[in-house]
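Numbering (the numbering used here), first residue to last: 801 to 1004.
Hints are not guaranteed to be accurate.
Dumping the calculated DSS-like pairs for lysine-lysine here, alpha-carbon to alpha-carbon at most 27 Å [said to hold, decoys possible]:
no., residue 1, residue 2
1, K907, K878
2, K846, K985
3, K972, K985
4, K985, K965
5, K889, K907
6, K830, K985
7, K830, K965
8, K830, K846
9, K991, K889
10, K846, K889
Derived from the structure by calculation, the hints contain no laboratory data.
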Amino acid sequence: MKNKGCIVAVAVAVGLLVIALAVGGWFVGKYNTMVELRSGTAGYEKTWADVESQYQRRADLIPNLVATVKGYAAHEEKTLTEVVEARAKATQANIDASSLTPEALEKFQAAQGQLSQALGRLMVVAERYPDLKANTNFLELQSQLEGTENRIAVARQRFNEAASKYNAYIMKFPGNIIAGITGFKEAALFKADQGASEAPKVEF
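Model the full structure from these sequences, guided by the hints.
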């Protein structure tokens, strides 16, 4: 009877161990999926890096653009100053991918939107100067800016898609339980552009 009892005890222990290993493996698998959706090659943190890269590219175009416009429209000081100041605020609004709270992203989007508005006003000014519009350097910068605005829109869309996929995973059972235990937080999303956040139209 003692041997039988020992066998039963061992069997129970083995069974519990197998269950524990299975649950542990399942937990690790779910956790790794969350990490991949957050930080993997297609995760929202990677796509956020692409967003920042495109916004930085836009910022890098602005000094030459302002200098070119100033060469033909130096007395448009107010508009030129607005662009320079908006660029400074936008470049200071960088967010680390691990700190993408709704509040931080809202401030980032607002700063970029103000720059978009200022650029839009600059393009309206350019319309008044035929010689400026015919300038080769201005035309090249205008073309690069237009292309960058398109890439920004694509990068933002990809970020929202990746973040939405991550959010859906951690908000559904059992992901929500594991996210709560391991500290995974919901990712912020770009809101639909309205008014100040719209990309400037740079077509001539």
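Verification of the hints:
1. K907 <-> K878: 24 Å, holds
2. K846 <-> K985: With a Cα-Cα distance of about 16 Å, the restraint between K846 and K985 holds, given a limit of 27 Å.
3. K972 <-> K985: OK: K972 and K985 at ~13 Å, within 27 Å.
4. K985 <-> K965: Judged against 27 Å, a Cα distance of about 13 Å means the pair holds.
5. K889 <-> K907: Given pair K889, K907 holds - Cα atoms ~10 Å apart, limit 27 Å.
6. K830 <-> K985: 15 Å, holds
7. K830 <-> K965: The hint holds at about 14 Å.
8. K830 <-> K846: 20 Å, holds
9. K991 <-> K889: 20 Å, holds
10. K846 <-> K889: Status holds; Cα separation ~24 Å.
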